[in-house]
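Here the structure of chain A is known, so what remains is to put chain B in place on it, guided by the hints.
The listed protein sequences derive, respectively, from chains A and B. Residues 669 to 871 in the working numbering are what the first sequence lists, from first letter to last. Residues 669 to 871 in the working numbering are what the second sequence lists, from first letter to last.
Some clues are possibly wrong.
In this list, chains with the same sequence are indistinguishable; a pair is considered to hold if it fits within one copy or across any two.
As the list claims (entries may be wrong) - Taking lysine to any residue and the SDA-like style, the derived pairs with C-alpha atoms no more than 25 Å apart in a straight line are:
id, residue 1, residue 2
1, K810, L862
2, K686, E803
3, K810, A776
4, K686, L746
5, K810, R836
6, K686, G726
7, K810, R714
8, K810, D709
9, K810, G697
10, K686, D798
11, K686, R795
12, K810, A834
No lab work stands behind these hints: they were computed from the structure.
Number of protein chains: 2
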Amino acid sequence: MRISELERRSGVPSATIKYYLREGLLPPGELTSTTQAQYDDDHVTRLRLVRALVGPAGLSIARTREVLRIIDRPTDDLFSALGEVQHVINDEQEETDDAAAHALIDRAGWLIDPASPEIGALAAALRALDDAGFEVPDGVMKTYIAATGSIASAELAHMSPHRPDALRYVVLGTILAGPLIAVMRRLAEQDAALRRLAPPDDA
Amino acid sequence: MRISELERRSGVPSATIKYYLREGLLPPGELTSTTQAQYDDDHVTRLRLVRALVGPAGLSIARTREVLRIIDRPTDDLFSALGEVQHVINDEQEETDDAAAHALIDRAGWLIDPASPEIGALAAALRALDDAGFEVPDGVMKTYIAATGSIASAELAHMSPHRPDALRYVVLGTILAGPLIAVMRRLAEQDAALRRLAPPDDA
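Looking at chain A on its own, in the form it has when it is part of the complex (with noise of 0.2 Å):
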């Protein structure tokens, strides 16, 4: 197909889909002639995964390259390249003092790799929330630690390193599925909001 179809399909602009094409993140059509370039199915599927990248999830063009390049590497080491994602989202981390966040990773008992840039990213979140003079109340912290934890277990129970699309599924999963638990959870403090502080209607 011709770029005009491709962003009719798409949905992309086709001023985005060159600079995309620029950038590296969508691979050259097959020229047809000096100027034109024919494109396939799989373009349009990389396309839709380009743009939930750099949307809700808010990845820049560069983290999107690193992310594409780990999903499109052949590896059966899935827990290597969920360590890498985790440095791609994390790599413009400040340093921290991290005492706050290893005694909450000791409270909540994880397993974690001394090394992991998430780490630094927990030490800078429970700053923010110092700075801003926000305590976490005890019960509050421990529904986190519960909740968080029973959301791991159920994305690894369906997790089978066996899969043929196992990798691109880890990637993905921790990227992309992080907006829509942030939203769910805004969601259900409205709904919990409504039926706690909301002026009953025949009061």
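Relative to chain A, chain B alone:
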């Protein structure tokens, strides 16, 4: 204190402090001459809060200003304040088809204001997964609903509308605990993956 002392105590560079002053995120100091101003402890507290909002929470300067406006305004109507915060978080939401979002809200049984911008955010998050060719298994979605529901219940249970800092607590909790929960999920995934996928040490 002078701006140099404010820089030292808040850890925020003076050029950044001046930028926040120009953008109205920080109230002006008290002028002691035409070129010098005095700042106080409230400036230190406010600066830390601004840094938390523009840091891990990733808010733009304009959104941060909106959030501060909501926090600073005296109100007893926490439910409306929560709705306003959700508008600030989602103000760049694209138009989307919300059918899948409404189906998920119905499945979860959440009471949601039909005008809530979170519905569009949920639709965008679901579309991103769909675009990427990623299907959340039914059992995992069930866990997402249960886990986010338990998080919201715990958060609201610790929230009395009568506590003096209730508004601040609701607004900052919504915004700042999001990044914390996101990184805790990725750590829990790392733990679950290590227990499930890593080769045993003594195989």
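Find the hints from earlier in the document that the structure breaks and name them by number, from lowest to highest. Violated: hints 2, 4, 7, 8 and 9.
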